[in-house]
Amino acid sequence: MTRATPSRFSPNYLKQLPEDLAEYVRRHGLDKEFGRLDSWSSSMEKTYTEIEEWQIDNLIISYWHIECMYKHAAGFAVSRFLEGLKNGKILGTKCEGCGRVLIPPRIFCEWCFRDVDTWVEHPGTGVISTYSLSYIGTDPRVRFEKPIIVAVIWFDGTVKKANSSRTVLHSAGILHKVQGVDPEKVHVGMRVKPVWRRPEERVGSILDIEYFAPLEGDG
Amino acid sequence: MDIWVAGVGEIPCRPSYDEMDFREMLYRAAAKAYLDAGITPADVDGVVSSGMDFYEGMSITDSYTPDQVGGRLKFNTLVSNDALNAFIHACMLLKTGQFRTVLVTAYAKASNILNYPEIVFNSFDPHVVRPLTPHFYAIAAMDAQAYLLNSGGDARDLSLVAAKNKRNALRNPSAAFAENISIEEVESMEVVSEPLRKGHVAVPCDYAAAVLLTTEKSLGKVRVEAFGYSIGSYSVDLSLKEWGRSHWARAALEMALRQIRMRRVDFVEVSEPFAHTELMVLDGFGIVGENVCKTLRDGGFNMDGYLPVNPSGGCIGMGYPLNAAGLQRLVQSVNLLRTGRWSSCLVASPDGEVVDGGAVVVLSAEV
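Residue numbers (our numbering), protein chains in the order written: chain A, 1 to 219; chain B, 1 to 367.
Chain A on its own, in the form it takes in the complex:
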């Protein structure tokens, strides 16, 4: 078991607290720990009747850092996909039932519920189907000066409508980043292509594609 490694509250966060609470947090060194300060706030307001002399100074919080360690077997289909990326190829599967191309690949088709074992290679060119200019990281305290462009790329020739299905549209597509373009000029329908890392840098990861960039003449 590993005890928690204390992390410091950001000064900005302390500034947002009521002064009496912020002062308490500092006095007890709690700004050096992590925890939910809103729970401290509600504790201060709470009335305890069973133990008359209870006060916040008696409050004990046990800190635990939960250590969960996993490996994730990518399975047959995604392993082959990742191996393809390492070799500079975008591989998918094609369902012989409905004709859909699946990128990233699956060995089953959820539309037809059948085995899928026909492999195809795609050049990776496609269009932006949706995107966002993101100014935030997964840590909410982080704000980017320049936005990251996250986008879903629909690969050329894979868009398929199936009237017999309640799903109106399918396209082989992946989430990735778009670079090499002024954020203001990104738009749905922009044609893009993959920009690969150098072969010696590829490891069999989605990041072997460094980003997608506009095709010449678009962007």
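Hints may contain errors.
List of simulated lysine-lysine pairs, DSS-like, C-alpha gap at most 25 Å [said to hold, decoys possible]:
hint: 1; chain 1: B; residue 1: Lys294; chain 2: B; residue 2: Lys95
hint: 2; chain 1: B; residue 1: Lys95; chain 2: B; residue 2: Lys198
hint: 3; chain 1: B; residue 1: Lys221; chain 2: A; residue 2: Lys94
hint: 4; chain 1: A; residue 1: Lys86; chain 2: A; residue 2: Lys71
hint: 5; chain 1: A; residue 1: Lys160; chain 2: A; residue 2: Lys89
hint: 6; chain 1: B; residue 1: Lys217; chain 2: A; residue 2: Lys160
hint: 7; chain 1: B; residue 1: Lys217; chain 2: B; residue 2: Lys74
hint: 8; chain 1: B; residue 1: Lys74; chain 2: B; residue 2: Lys32
hint: 9; chain 1: B; residue 1: Lys32; chain 2: B; residue 2: Lys221
hint: 10; chain 1: B; residue 1: Lys74; chain 2: A; residue 2: Lys94
hint: 11; chain 1: B; residue 1: Lys74; chain 2: A; residue 2: Lys161
hint: 12; chain 1: B; residue 1: Lys217; chain 2: B; residue 2: Lys95
Honestly, the hints are just simulated from the structure, not real lab data.
We have chain A already, so just place chain B on it with the hints.
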């Protein structure tokens, strides 16, 4: 409203399926269940899956369940704890009359979890239990110690259970830890936490199972006679736990017994993450006339005994697929009933390694 098992599918237990991810494992199991039932996903009204995000290393796992089991655009829900709870949840859906056929799925990808003991450890109270950093084997061992004291058993009885189950598993092609092993060989294994030896502990495994339940009699292969579930004395700080007893078992069984007249089953399948769990749950049921440990020593729970227990090999013989253990037991029970050797059984599964809670299902070959 009567409920039948229309079909079952599984992929055999293995220490690891490196070549398949959980979607591929579930797809294989579900495809077998559909084939067994002679129906397609179009005939299914909903999916109930069993899952524990902590085991899967992925949040909100129910979102990732439907595609690979034919559940796309259908009712879908995930039930936590042991998979027998998911099975019972599906039965209750069918009893509403709004569903005709429901698929139940469960899987374990134990090989993905690199520090399983710590995952279980985090189920304990952070103030008064975790600081002592007990391994959950030690918690289970205290249960075993208390059980043996309560029941007049001794540590060798645990080896009898382990050897029986490993030998039973030799007939089960889905078992990963079958072994023609003697009691003495189990007795000679190293102690992990007294009185538990290595051979008394079921080894976590990879596994996937799918069961199709239906109210359509013409599809029925095995009948679901009754079910029950309960939580016994239980608190995360372990202070309310009555050591060495499975209180949940009798309460769950009584719930099931209220639904049927049947008072005898031909065999029992019970998930046993530890050898003593099997005995403790049997004792909890109160269905064994004599002392449970004495009956065990007399061979009463053997394949040819008066009440075979875990003829499939149980979790010790097959592998312990975490929360999927209950559906593993259920699938084995259905397969055993379909051999024609037996006509009824009691399926039981606790909600985890050291939890006083669980579920039971009574099945019969009568359709």
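Here's how the hints hold up against the structure:
no., hint, verdict
1, B:Lys294 to B:Lys95, "violated (40 Å)"
2, B:Lys95 to B:Lys198, "violated (43 Å)"
3, B:Lys221 to A:Lys94, "violated (35 Å)"
4, A:Lys86 to A:Lys71, "holds (20 Å)"
5, A:Lys160 to A:Lys89, "holds (22 Å)"
6, B:Lys217 to A:Lys160, "violated (39 Å)"
7, B:Lys217 to B:Lys74, "holds (22 Å)"
8, B:Lys74 to B:Lys32, "holds (20 Å)"
9, B:Lys32 to B:Lys221, "holds (15 Å)"
10, B:Lys74 to A:Lys94, "holds (24 Å)"
11, B:Lys74 to A:Lys161, "holds (20 Å)"
12, B:Lys217 to B:Lys95, "holds (14 Å)"
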